[in-house]
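Peer 1: Here the protein sequences come in this chain order: A and B. Heads up, the first sequence is in our numbering, so the first residue is 1 and it goes up one at a time. Heads up, the second sequence is in our numbering, so the first residue is 1001 and it goes up one at a time.
There are no misleading hints in this set.
With a cut-off of at most 27 angstroms between alpha-carbon atoms, the simulated BS3-like pairs for lysine-lysine come out as follows:
#	chain 1	residue 1	chain 2	residue 2
1	A	Lys-143	A	Lys-249
2	A	Lys-226	B	Lys-1125
3	B	Lys-1121	A	Lys-202
4	A	Lys-105	A	Lys-202
5	B	Lys-1139	B	Lys-1121
6	B	Lys-1036	B	Lys-1192
7	B	Lys-1243	B	Lys-1028
8	B	Lys-1125	A	Lys-202
9	A	Lys-226	B	Lys-1121
10	B	Lys-1028	B	Lys-1070
11	A	Lys-202	B	Lys-1139
12	B	Lys-1125	B	Lys-1192
13	B	Lys-1139	B	Lys-1125
14	B	Lys-1036	B	Lys-1070
15	B	Lys-1192	B	Lys-1139
These are calculated hints, taken from the structure and not from any lab test.
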Amino acid sequence: MSADFLNLLEVAINGLMAGVLYSLVALGFVLIFKASGVFNYAQGVMALFAAQTLVGIQTGQVPFAHLINAIFGTEVHYFGWNVPALLAILFTVLVMILFAWIVVKVILVRLVGQEPIILFMATIGLAYFMEGFGDMMWNSEVKRLDVGIPSGGSFWIEDVTVQWAAEGERYFGMYVDVLDIWATVIAVALVASLAAFAQYTKPGRAMRAVADDPTAALSVGISLNKIWIMVWSLAGFVAIVAGIMWGAKSGVQFSLSLIALKALPVLMLGGFTSISGAIVGGLIIGVGEKLFEYLIGVPFLGGATENWFAYVLALIFLVFRPQGLFGEKIIERV
Amino acid sequence: MLDAGKTETLLEVNNIEVIYNHVILVLKGVSLTVPKGGITALLGGNGAGKTTTLKAISNLLQAERGEVTKGSIIYRGDHVADLNPADLVRRGVIQVMEGRHCFEHLTVEENLLTGAYTRSKAETKEGLEMVYTYFPRLKERRTSQAGYTSGGEQQMCAIGRALMARPETILLDEPSMGLAPQLVEEIFTIVKNLNEQEGVSFLIAEQNTNVALRFAHQGYILESGRVVMEGPAAELRENPDVKEFYLGMGDEGRKSFRDTRSYRRRKRWLS
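For reference, chain A alone in the conformation it holds in the complex:
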C-alpha cells in the first residue's frame, strides 16, 4: 500500500474515534429529549461537572474549599487521601443521580405542560448555574484526570502498519491513541446496553411511552417524575463517561463543556430521537471533518475547516431531511 493511502486511513480511523466521543455526548441529549421533550443545553456542563467531581473525589479535594476558607479563615484544600478510581466513579454516579433528582424536583415538576422553549431556557439557566457551582465546589484550575485507562500511541499498531507500506515508501506506521480505542469499546458497550434497556425492559418501555405521549403515560399509572429522574440519571451517567474520556484526553477544564456544541450537528444529522442516530451521526461527523480537513481543507482552504464543517453538513441535512437520518418519522395518518 502506498503511504498516501495509509495516511488517509489513519486520518479516517482517528476521525472515527473522535466521532465516538461526539456520539457519547449526543447520546445524553437524545435520552433526555426522548423522554421529556427537553433539549438539555446543560449536557456539556454536566460532563464537565461530572469530570470535576470525579477528579475532586479521587484526589481528596475538600468541596467548597474556597468558600469554607473565606468564611472560617481556615486553610483547607485536601483531605489528604486518594480514593481508588472505581470507587470515585461510583461516588460520582451517586452525585449525578442526586443532581438528577434535584433538577426534576426543583425545576421540571414546576414546568410541567409548559412550552418546549421555556424548558429549553430553563436548561440554559441550569447550564450556567452548574458551571459556576462546579467551579465553586471544586475550583476552576485545569486538572489532570486519570482513572487508569492507558493512553498514548500504540506501538503494536505502529509496528503492524509499518509493514503494510509498499517497498521503498517512507512510512513510519500509524499513530492510534490507545485511549481512543478504549473510548470506542466503552462507548459501544454503553450504547448497546442503553438500547437494550430502552427496547426490552419495563422502565425502558415506560420511558419510550413518556416520550411519545406524557399525558397518556400519566393516565396508565406511569409516574412522570420517576421516569424523568431515571432519564436524567442516565444522561448524568453518560456525561460521566464522556467527561472521563474527554477529560483524560485534554484535561478537566472549562472547554470540556463546549463539546456540547459539537453534539448539536451530530443530533441534526442523526435525529434528536434516535439512539442509533446519535452514534452514526457522531461517526459520520468525526470521520467527515477529519477527512475534509485532510483532503480539502489543508490543501485548498487554508485549514481550520474542522470548526465549521460539521455545522454545514448539519445544515444540508436540515434542508433535505429535517428529522435526521434515523429520527422518528412524524406519524401523520391521512
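With chain A fixed as given, assemble chain B onto it according to the hints.
Peer 2: Same frame as chain A, now just chain B:
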C-alpha cells in the same frame, strides 16, 4: 350485571367545582354516582364539562392546570381528589382519554404492556391474553406501530391498554369520536361484554346520546358545567326533552334539522 335494588356505590362525586388556570370556571357543581358493575353514561354537547369531570376524577387535571376547588370525590369510601393518577390506577380507576392517545411509536403489544405498568409479570401475561380474547383484531396487529393502525384499532388499543391495569372502573372518554357507526357499535358491544363478563364498571362520556343510552344502565346529562338531568337510561331515552334536543326526535318522529334550528324554545328543565 347491574342488579337494581342492591347496588354498591363505587364512585361518588359530590358537587365539584373545577377551575382552570385559577380563573376559568368549568364545572359549577357536578354530582354523580357510579354503581359497581354498571355502565353510566355522561352526556352533553361540546364544552358541557364531560371531559373535565372525568379528568377531575382520574386526577389528570393537575397536568392541565386545572383544579378541583369545591366538593369531594370519593372512591370506595376514600377521598381521592388529592391522589396522583398512578395511585388511582393502583386503586382500580383508569381513564381512557379522548382521542385515544396511543403511544404511536410503540407497537400495539408494547402499548398494551405499558398499560400493565402497575402490575406484576404474571398479571401482565394473564391480562394480555384477556385483552386479546376481547379484541382479536389487536392480536392480528400486535407488531404494528400503533400510529399506523386505523382509528378503530387505536380506540381498541387504548381500551385494551387500560384493561391491562386490571381496573375495577374505567373512565371512557368519547369512544365514538371519529369512528364509523358500525365501529362505534362494535366498540360499545365490547364494552358491554367487558362489563358483563369481567365485571368492569364504566363511566362513559359520550356525545352520541343514542348509542350511549342504548348500552348504559343509567345516565347524566351535563349542560354548561351542571348536571341538568339524571336517571335510568331507559327513562332518559323516553324523555321528550332528551328526544328533542339530544336524539333529534320530536313527538311525531324524526325532525328536520332546519326546523330544530329555528325552534329555540327554552328547554323545560331550565325553567
